[in-house]
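Here the protein sequences line up with chains A and B, keeping their order. If you count the first sequence from 1, position 19 lands on 102 in the working numbering, and the numbers rise without skipping. If you count the second sequence from 1, position 347 lands on 490 in the working numbering, and the numbers rise without skipping.
FYI, nobody ran anything at the bench for these hints, they're computed from the structure. Careful, some of the hints might be misleading.
What the hints assert, rightly or not - As a list, the in silico BS3-like pairs of lysine-lysine whose alpha-carbon atoms are at most 25 Å apart:
no., chain 1, residue 1, chain 2, residue 2
1, B, 496, A, 117
2, B, 482, A, 89
3, B, 468, B, 363
4, A, 117, B, 492
5, A, 122, B, 508
6, B, 266, A, 88
7, B, 188, B, 424
8, B, 468, B, 492
9, B, 188, A, 122
10, B, 196, A, 89
11, A, 119, B, 492
12, B, 492, A, 122
13, A, 124, B, 492
14, B, 363, A, 88
15, B, 195, B, 270
16, B, 508, A, 124
17, A, 122, B, 503
18, A, 124, B, 363
19, A, 124, B, 188
20, B, 360, B, 269
21, B, 496, B, 508
22, A, 124, B, 503
23, B, 644, B, 195
24, B, 482, A, 88
25, B, 188, B, 269
26, B, 503, A, 88
27, B, 644, B, 196
28, B, 647, A, 89
29, B, 492, A, 89
30, B, 644, A, 89
31, B, 196, B, 269
32, B, 496, A, 119
33, A, 97, B, 360
34, B, 360, B, 188
Just so we're clear, the structure is a prediction, and the values are computed from it rather than from any experiment.
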Amino acid sequence: MRLGKKLWLIIFLKLFILFAVVKLLFFPNFLDEKFKTEKEKSAYIMDSLTTSK
Amino acid sequence: MEHVSELVDWSRAQFALTALYHWIFVPLTLGLSFIIAIMETVYVKTNDEWWKKTTQFWMTLFAINFALGLATGIIMEFEFGTNWSNYSWIVGDIFGAPLAIEGIMAFFLESTFFAIMFFGWNKVSKKTHLLSTWLVAIGSNLSALWILIANGWMQHPVGMVFNPESARNEMVDFWAVVLNPNAYSKFLHTISSGYVLASLFVIAVSSWYLLRGREIKFAKRSIIVAASFGMITSLYMLASGDESAHQVALKQPMKLAAMEGIYRGEERQGLVAAGILNPAKTIGDDKLDTFLVKVEIPYVLSVLGYHSLDAFVPGVNDIVYGNEKHNVMSVSQKMVIGKEAVTALGQYKIAQKANDEIAKQEALKRFEASEKYLGYGYLKDPKEAVPDMPLVFYSFHTMVGLGSFFIFIFFMILYNSMTGDILKQKWLLLLGVLSLPLGYVAQEAGWIVAEAGRQPWAIQDMLPVSMATSNIAAGNVMITFWMFAFIFTALLIAEVSIMTKQIKIGPEGH
Ligand code: HEM
């Protein structure tokens, strides 16, 4: 079935672009990148909530 | 400051782009799955092979939409982690619990039964197949429920408490979150408007065949199923839309004021059915008229919004500057309390670092007394609490106006299909085709009302968007904005071209 094949191709191509390219290269988790522990993340958020921008 | 506002603008633009594009695919999935299930039920009941063919044709179009829309929503989760990390951390459990349930349910229900629905025609019994089709419909609708519970929480946060120790919201009452009335009205309105869109889709494709004199029997039968389904579900859509407006009136009065273009509120407030806002009108000015022209139905907004003829509906000016007579607190007063909350958080932080338990408890007490207006502590000017009035007003009126138009279309198509020959009503068939893009316009307008209408809040009264973003360069967000604009546009072009090709082939060539 030609349509079926085309749709599967679109699905896999899209998943590849989204997860292997977009997520990996452009969308790192900001807090995970900067901090190792939950405690550090909490402290950072508390700082940003209590210092005026 | 410049950097912050540019960053917030690009982050919002990117989120809006993703959400609006994602939403092009979702409502058709929500609704078409039920129309297919109804058609297949007729097939199983009548044993008429012709209905099987009809079901399979609509199922093919459903598959195209599903394949192209699949995983477009995940991008919003990427954005949460990268662009909105403060927000993602602060919302805490809310995305964890409901979204985990959503993921599991959607995965099991949709993928398992989806496979049977598509590939199991000759492999399982008719009844098992039918059951799978119904479960796909129910599963996809249920997965919308959990997303809307999370969205409902942002509009009206309940069942969670902000813990300064972890700087997150923690769930204290799961059922309060799940049974949030905001979430329910949203869920019902979203799914019923999805049913309406899918009905418009089936009507548009069938009308196109009828206008071309093709697939007459197929199109006539499909159009009756769709118009009946559309007629019934649009009444649910109307009722749930009314309940949504009631919830907005109770919990987000500023959004209601923007939806209806009200600057100075009144008791026995009328409903502006249509109007053109006066562009010269500004917040705080009581002299200029709000509308250049308007059609108003007296008293109706008080009744719809608050279920009472005498109810006072506050306007933007009442909310920003306060209205003592009607007990409306001004934004400036809320800002003072909000700043108290921010100061208390600062004291908590210092006490935490010093390991001073007593000072921590004192700061916590101060915080709890003022946290209701925490978000206002971050506003610089009371006018920041006002959303974009024209955007919200026109989007709301577009949605409601189109909703009434769709009910008219469903009624006319049903009436003409039952009593005469719909083939002769070329104008109606033409309207049937044209109403499909309008269905999408109404869908997108609905989300603009819901989301732009609650600005500046990422979490109502708790966290303004300016505090919700990550500390990243605006330029990066701008680049990914254009990247998504490109990817989504390509997906949309693929959707439309594959869909139209398949429609042109028709059910016979299927
Ligand atoms: C016919 C009268 C209608 C009324 C009274 C109505 C009312 C509303 C209200 C008050 C909201 C905002 C809810 C919130 O901010 O929490 C809303 C949102 C929405 N509407 Fe409508 N609506 C109508 C028709 C439609 C139509 C025709 C469509 C699409 C076909 C539609 C789709 C949506 C969507 C997708 C949302 C966003 C999700 C949500 O907040 O529920 N609505 N509507």
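Each hint tested on the structure:
| no. | hint | in the structure |
| --- | --- | --- |
| 1 | B:496 to A:117 | holds, 20 Å |
| 2 | B:482 to A:89 | violated, 57 Å |
| 3 | B:468 to B:363 | violated, 59 Å |
| 4 | A:117 to B:492 | holds, 20 Å |
| 5 | A:122 to B:508 | holds, 22 Å |
| 6 | B:266 to A:88 | holds, 20 Å |
| 7 | B:188 to B:424 | violated, 61 Å |
| 8 | B:468 to B:492 | violated, 39 Å |
| 9 | B:188 to A:122 | violated, 61 Å |
| 10 | B:196 to A:89 | holds, 21 Å |
| 11 | A:119 to B:492 | holds, 20 Å |
| 12 | B:492 to A:122 | holds, 13 Å |
| 13 | A:124 to B:492 | holds, 13 Å |
| 14 | B:363 to A:88 | violated, 31 Å |
| 15 | B:195 to B:270 | holds, 13 Å |
| 16 | B:508 to A:124 | holds, 24 Å |
| 17 | A:122 to B:503 | holds, 17 Å |
| 18 | A:124 to B:363 | violated, 60 Å |
| 19 | A:124 to B:188 | violated, 59 Å |
| 20 | B:360 to B:269 | holds, 24 Å |
| 21 | B:496 to B:508 | holds, 18 Å |
| 22 | A:124 to B:503 | holds, 19 Å |
| 23 | B:644 to B:195 | holds, 21 Å |
| 24 | B:482 to A:88 | violated, 59 Å |
| 25 | B:188 to B:269 | holds, 10 Å |
| 26 | B:503 to A:88 | violated, 62 Å |
| 27 | B:644 to B:196 | holds, 18 Å |
| 28 | B:647 to A:89 | holds, 17 Å |
| 29 | B:492 to A:89 | violated, 56 Å |
| 30 | B:644 to A:89 | holds, 13 Å |
| 31 | B:196 to B:269 | holds, 14 Å |
| 32 | B:496 to A:119 | holds, 19 Å |
| 33 | A:97 to B:360 | violated, 37 Å |
| 34 | B:360 to B:188 | holds, 19 Å |
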